[in-house]
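Peer 1: Each chain is listed here by its residues.
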Amino acid sequence: MSVAVKENLRSLKRRARAPQAATELMRGARILCESLVCEGVDTVFGYPGGAVLHIYDELTNFKDRITHVLCRHEQGAVHMAEGYAKATGKVGVALVTSGPGATNAVTGIANAFMDSTPLVVITGQVPRHMIGSDAFQEADIVGITRPCTKYNYLVRNVNDLAGIIKEAFHIAASGRPGPVLIDIPKDVTAEMAAFDYSDDVFLPGYEPGTKGDIDQVELAVEKILKARRPILYVGGGIIHSNAFDEVLEFAERLSLPVTPTLMGLGCFPSGHKLSLGMLGMHGTYWANMAISESDLIIAIGVRFDDRVTGALNKFAVHAEVIHVDIDSSSIDKNRRVQVPITGDAKSVVNQMLDLLPADACAASDDRLAEWWKQIEEWKEYSPLTYKNSDQVIKPQYLVEELRRLTNGDAIIATDVGQHQMWLAQYYGFSGPRQSLTSGGLGTMGFGFPAALGAQMAFPDRQVIAFVGDGGFQMTAQELATAVQYQANVKIIVMNNNFLGMVRQWQEIFYSGNYSHVNMQWVPDFVKLAEAYGVLGLRATRPDQLESVLRRGLSAVGVVLMEILVDEEENVYPMVPAGAGLKEMVLG
Amino acid sequence: MKHTLSIMVENRFGELSRIVGLFSARGYNIESLTVAETLNPTVSRITLVTSGDDQTVEKIRKQVEKQVRVLNVLNMTGFKHIQREMALINVKAEAGAARQEALSLVNIFRAKVVDVSNDGIIIEATGDWSKVSALIELLRPIGIREIVRTGAVAIGRLSEEQYSDDSIQYAAGGGQ
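As given, the protein sequences belong to chains A and B, one line each in that order.
Each residue of the first sequence is one higher than the one before, counting from 6 in this note's numbering.
Each residue of the second sequence is one higher than the one before, counting from 212 in this note's numbering.
These are calculated hints, taken from the structure and not from any lab test.
The structure presented is a predicted model; accordingly, all values stated were derived computationally and were not measured.
Backbone N, C-alpha and C define an ideal beta-carbon position, used for all residues, glycine too.
Take these hints with a grain of salt, some might be off.
Unchecked claim - SDA-like, lysine to any residue: derived pairs with alpha carbons at most 20 angstroms apart:
#1 B:277 to A:178
#2 A:338 to B:286
#3 B:277 to A:537
#4 A:338 to B:276
#5 B:277 to A:214
#6 A:216 to A:334
Claimed, not checked - Covered stretches of chain B (chain A as the covering partner; in silico rule of three or more C-beta atoms under 8 angstroms from a C-beta of chain A):
#7 221-234
#8 280-293
#9 307-321
Put together the whole structure using the sequences plus the hints.
Peer 2: In structure tokens form, the structure reads like this:
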């Protein structure tokens with residue numbers, strides 16, 4: 006235990022609620038709004054209801070400072086807050102009512118928890134005296150979300166409200182970020198109290214790490230300078246800690262091959278000569294071969310997820326592992342680690358950079374020449390490729406065209422499934438906070454609202470929801486939200502008339518027994534767009550694709566582009582579930 | 212193998228549930244659980260016995276330790292410590308040979324008789340898990356009506372010097 010915790014423990018005992026200076030009394034609802042302003046919140050995604058009536062009443066007094074975005078479903082509200090948070094790096098805020106409002110938000114909260122997205126979700130609750138009485142629209146949302154929040158609160162006293170909000174924002178944004186839920190009973194929002202936001206956050210047991218242990222960092226550098234087949238395996242942690250420049254410099258000075266995870270897309274420029282592309286289940290052949298044959302894995306801001314490693318007992322069997330992560334419980338969880346370093350990615354990479362000798366660059370070029378030659382051979386043996394067609398639009402071609410027309414600079418949000426993997430393989434994100442995807446939980450319906458949230462934060466950027474026909478129908482009602490707030494978001498529905506990834510698995514692992522993956526009936530997406538008063542376009546043949554994309558991407562306002570693609574195209578390469586990375590099916 | 216975790220947590224609404232939920236959500240077993248406040252009433256100590264190999268238990272320990280309100284988690288199995296459990300045992304033993312046999316076991320195990328009636332006695336026994344279990348096994352042939360066992364509590368065997376060490380500050384019950 007550190008000295009800081011020891012000190013904290015002592016003051017915890019001494020600490021008594023200091024009487025506050027007498028100031029103006031205000032109701033809890035206003036304390037909430039004032040607190041949000043203090044946190045710099047400019048946008049709240051929400052949906053009203055009985056338990057949050059006082060809060061909604063108060064919001065109109067704050068309309069110059071807080072924009073409230075009225076969503077069409079609470080799941081959409083939380084995904085929008087996630088998109089906003091992922092694109093900006095700020096804490097996203099969602100506000101929903103009790104009972105069904107809160108339970109509808111759970112998918113978004115669980116999604117944010119798995120992908121370490123900083124959120125504060127405010128839920129209304131029935132009045133305190135009714136809690137536990139099975140009251141109308143009562144749900145124990147604190148109990149329900151305990152396993153899928155970084156922390157959560159039930160506010161039991163209006164005097165605690167401001168302090169809880171301050172703590173919640175601190176917890177959500179610091180360390181490994183995550184969602185924090187604050188459940189506020191209706192009567193607390195009506196009760197009067199003084200507003201004081203000056204108290205420091207006091208969390209004696211919470212130490213979001215910063216720098217790495219210097220002995221371990223030295224050991225890591227020593228191993229890196231000796232390794233003959235090293236690989237840098239990077240993920241979402243790089244993006245959270247804004248370590249893009251540091252990782253780039255680190256990789257360049259050591260000529261390290263770099264492979265990002267799905268959550269790490271854009272944390273290293275994909276067109277860079279050191280980038281091997283994404284690894285894992287649908288990663289590139291050469292990235293998977295390189296990590297499998299490596300002698301040293303430098304893992305930063307990653308968690309050795311099963312979609313990355315495949316069968317753990319076959320994963321990189323000759324490699325030693327240096328693992329840098331801000332969450333020490335991620336280290337040694339799935340893979341034994343020789344050099345564990347708990348710390349913030351940016352700080353630790355800077356520590357390592359400081360230790361590199363001046364001639365590291367030239368020495369690495371020599372030492373790794375053979376390794377790079379091998380990697381190039383793998384790349385030549387099985388490049389990322391597909392057979393294009395002039396009859397039917399290949400989904401990979403769609404992504405390549407999208408890349409060409411947006412220069413790889415768009416912010417693109419996806420759901421989960423085939424479209425997500427093709428985008429990851431072929432789009433080539435150039436920078437961080439461009440790829441907004443549901444990685445851990447794999448949530449259909451995430452992409453469109455997430456894109457909308459990002460567009461609210463960046464009205465002038467090209468923001469695209471790249472979704473499938475299945476996922477889009479899960480949150481398509483947010484079209485109304487997009488129109489109401491005049492968002493400029495572009496929606497590309499990649500329609501293959503199937504729940505494509507499930508169909509692919511049924512084809513490969515269930516002898517083509519397609520069980521309930523053909524939706525058989527989907528709406529006319531162009532007419533659906535028109536019903537919401539937005540431009541709808543459709544491309545059915547390859548020769549129509551460019552003009553539809555050009556017109557759709559450049560039009561002002563919301564545009565829905567339905568692109569009919571090859572129905573039974575599969576995502577390759579593919580590592581079957583339970584197999585080792587080297588047992589890829591190349592297609 | 213059994214491991215005893217000593218968890219110091221801020222004494223707040225919902226924290227026990229959060230920690231217990233973590234065990235079930237991640238598929239770890241809880242064999243026993245004891246919770247009470249420490250010298251510092253704002254801090255609770257949870258003594259939790261779980262099982263698994265060292266590596267698995269270390270994963271659990273880290274998962275618990277990262278919780279926002281958890282101050283510290285120590286795997287007591289790696290330290291010199293004293294561990295105790297208590298059991299209240301209602302034994303069917305009428306006056307005569309059966310009661311004499313029960314009383315002699317009470318004596319040998321340094322347990323106590325806390326209630327006596329015409330047809331039985333209630334025994335209070337303390338000790339580590341294996342001692343309490345051994346007593347129960349020996350009483351079983353005499354006739355046990357009911358057993359109530361507590362979870363384990365554990366305290367480190369530390370010197371004054373060690374108590375002033377940061378790394379075992381936990382043992383002071385949250386600081387003086």
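Peer 1: Hints broken by the structure, by number, lowest first?
Peer 2: 3, 9
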